[in-house]
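Quick mapping for you: the protein sequence lines, in order, are chains V and B. The first sequence begins at 1 in my numbering and counts up by one. The second sequence begins at 1 in my numbering and counts up by one.
The set of hints was computed from the structure by calculation and includes no laboratory data. Errors might be hidden in some of the hints.
[Unchecked claim] 20 Å max Cα-Cα, derived EDC-like pairs, lysine to aspartate or glutamate:
(1) V/Lys-310 with B/Asp-248
(2) V/Lys-310 with V/Asp-279
(3) V/Lys-310 with V/Asp-296
(4) B/Lys-310 with B/Asp-279
(5) B/Lys-310 with V/Asp-248
[Unchecked claim] Here are some of the chain B residues that sit facing chain V, going by a computed Cβ distance under 10 Å:
(6) Glu-114
(7) Asp-208
(8) Gly-226
(9) Thr-236
(10) Gly-255
(11) Met-257
(12) Ala-319
(13) Asn-325
(14) Gln-330
(15) Trp-337
(16) Ala-340
(17) Thr-344
(18) Thr-366
We put the beta carbon where it would ideally sit given N, CA and C, even for glycine.
Number of protein chains: 2
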Amino acid sequence: MKRTSRDIRRGNRNELLRYVIARSPVSRQELAAATGLSLATVANLVGELLERGVLVEVGFEDSDGGRPRGLVAMRADGGALIGVDVAETYIHVELFDLALRLLARAEEPLSESENRPEQVVGHITSGVRAVLDQAGVDIRLVLGAGVSMPGQVEREGGLSVFAPNWNWRDVPLRDLLAGALDFPVYLDNPLMACTVAELWFGAARGCDDVIVVNLGTGVGAGIAVGGSLYRGFSNTAGEWGHTTLVLDGRVCHCGAMGCVEAYVGAPGILNTLREVDPDSAILQLDQATAIGALADALAKEDAAALETVKRTARYLGVAVGNLVNLLNPQVIVLSSWVAARLGTALLSGMREAVAEHALPRPLEHTRIMLCPIATNAVSLGAATFALEGALAPGKA
Amino acid sequence: MKRTSRDIRRGNRNELLRYVIARSPVSRQELAAATGLSLATVANLVGELLERGVLVEVGFEDSDGGRPRGLVAMRADGGALIGVDVAETYIHVELFDLALRLLARAEEPLSESENRPEQVVGHITSGVRAVLDQAGVDIRLVLGAGVSMPGQVEREGGLSVFAPNWNWRDVPLRDLLAGALDFPVYLDNPLMACTVAELWFGAARGCDDVIVVNLGTGVGAGIAVGGSLYRGFSNTAGEWGHTTLVLDGRVCHCGAMGCVEAYVGAPGILNTLREVDPDSAILQLDQATAIGALADALAKEDAAALETVKRTARYLGVAVGNLVNLLNPQVIVLSSWVAARLGTALLSGMREAVAEHALPRPLEHTRIMLCPIATNAVSLGAATFALEGALAPGKA
Ligand SMILES: [Zn+2]
Ligand SMILES: [Zn+2]
């Protein structure tokens, strides 16, 4: 892959925007120091972003007896961005200003019978209308929407190539949405979205080599290299959930045996609970409620819950140790809803297994932590894709 | 990581040199088409390399009725490069011209008692003298030597941070060599060296996302992202050999249990043979001879050899499937001496396990093949580091 000067300019601009978003208002000098870019490059990029109405001049700061320095900030009202998290049981829509501050959110539940493409498109558009109404934002201000769709996605063509739970194949979701919405739509998958959210706003800000471990019904590992998303050759990198942890172990829904997901995905955790206590009442609940009930039982020091989380933490620790050894990352973030519920217990329980299975040299440099993003990281990352898309070359 | 214009220039120059080395003599137009760089960028880089004596003008080619096009080639006699593969039982030294064509090679065996730093330095310098004598090359022509050292290496400082087999810690190998040799020395590890060799000269030329699976006494997976080596946060990426394949499985020499290396490293393969046939005469031989004898027995369709390779191929297939799922590479290359001996049998035997454990989507795009480099890939890669070093910014 030849990096062109256009690629480098886009990379530099994203780097710069991340700092502006984090530290507004900020001087060009501070941006140059923070990003490592030359002052000339920063001035040039800032000039372009001022011209496009993304940044705005907001005054001056003193510089210890020198000339006052001009300050810039995101022009929050310069436009709006939408991030959509399409999940199996709901569609979550969030509206942001250009500084990626949350303006409104809406959630549309999806019943099991509502998974035809036109139904999903209908729920997305009504969610979009709801957030615009709530915030009183004119639809013409929306620069774009990022849509995270589970399964395999072809970004360039805007296709949902394969959504296993709904058995979608090559659904032209972007074009279907374009017919209903009056702004550009950027399709991607939740693993990429939540990894970008960590890079821009979360635990990975300013980091080079990052792994975001997504713990939900399915599990995966979003990878960033040199501060940029690593997608692999056909945009399917990160299927850590289907790497083998236990040769000839539990059957996984992918068809293979012993996958990480069969142990640390939500159904896998409940299978462990079943091994520990086949009569547990928690096993009667639906998956999401069950994980919540497990967290509650854990807080009450219920023996079966303690043992289930202990075993799960060990599985997770070994599988995370694999990531440390193979990829030598700077930071590993545990994200998604199972991490939100059980993350603290898993994090402390897994440290021993990580230390046993990871080599000392790569491990000594790795921070392992919970996702610090308080809102929906997938919607936030999806909106970031929309910002990147709106600023892409050829969209002046 | 901010990519500076200096980084991009270096990346472009390496990309261009790879094509010149592969296709000399070549026109600027062909280089532009092959690399995706603009003709202006190519002309500028070629001008710099001509000035530095790395390239040379070698005539013209017709261009279908247009103006004849100037051709350039590597200036093979513009200098010489050395690649050193320091292994546990030998030191292998190769001398190359600037087109990375092999001029001479020498191997110095290391006995078990010869592993003090000054002994290793002594063997390297006598190997260097031997190849220069053989080829009749003046030492003053040598632009540099790349030295591949097993274990953990700190490149910037030229330190062997930790060599487990010799129990070296923080040995300043580069400085010790600099006292004995009159040219710059670039230290790295064998996994990085053989991955670079594949990128420049082997199966990965022109590829973006690449994994080089090294099968020797130890095993590892060199990773390239976007056509460049991925090193991780502290230069230890690629420790695939110590990812877990069998939870609570065989004890690995790293201290953990169930590591990939304990199954597909040479001693692991011999342990499998021991499980299959505890009385096998092969088990009496030293490791390298034993793997050769196993290959011979396999050729004679010996039942124990067939079963051993079948089981090994399955272990390898599952562990390679993990790489496919996690990293979605374009090509996976099996390299090093165990692959040279058993690779064909392993490759055909592993395909079933790979297909069972890798997801169809990433797998459909992955080529899996044996290393096509006929000579020592580690020495070749090490010499490539010396070429990169000689061309690095600040060395005009
Ligand atoms: Zn699976
Ligand atoms: Zn190990």
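- Item | Restraint check for V/Lys-310 with B/Asp-248, where alpha carbons must lie at most 20 Å apart | holds (16 Å)
- Query: Does the CB of B/Glu-114 sit less than 10 Å away from some CB of chain V?
  - Reply: violated (26 Å)
- Item | Interface hint outcome for B/Met-257 [beta carbon to chain V under 10 Å] | holds (8 Å)
- Message: Interface hint check: B/Thr-366, Cβ to nearest Cβ on chain V, cutoff 10 Å. Holds or violated?
- Response: For B/Thr-366, the interface hint holds, since the closest Cβ of chain V sits about 7 Å away, which is under 10 Å.
- Please work out if B/Lys-310 and V/Asp-248 have their alpha carbons no farther apart than 20 Å. Measuring from Cα to Cα gives roughly 16 Å; hence the hint holds.
- Does the interface hint hold: is B/Ala-340 within less than 10 Å of chain V, judged Cβ to Cβ? violated (24 Å)
- Message: V/Lys-310 and V/Asp-279 were given as a pair; does the straight-line alpha-carbon distance stay at or below 20 Å?
- Response: holds (19 Å)
- Query: Should the interface hint for B/Asp-208 be scored as holding, given a Cβ-Cβ cut-off of 10 Å against chain V?
  - Reply: Holds, about 5 Å.
- Task: Classify the hint on B/Trp-337 as holds or violated, based on whether any CB of chain V lies nearer than 10 Å to its CB.
- Result: violated (22 Å)
- Message: Next item in the hint list is B/Gly-226. Is there a CB on chain V closer than 10 Å to its CB?
- Response: holds (4 Å)
- Restraint satisfaction for B/Gly-255 [CB to CB of chain V, less than 10 Å]: holds (8 Å)
- Task: Using 10 Å as the Cβ threshold, decide whether B/Thr-236 counts as touching chain V.
- Result: holds (4 Å)
Against the hints set out earlier in the document, violations occur for numbers 6, 15, 16 and 17.
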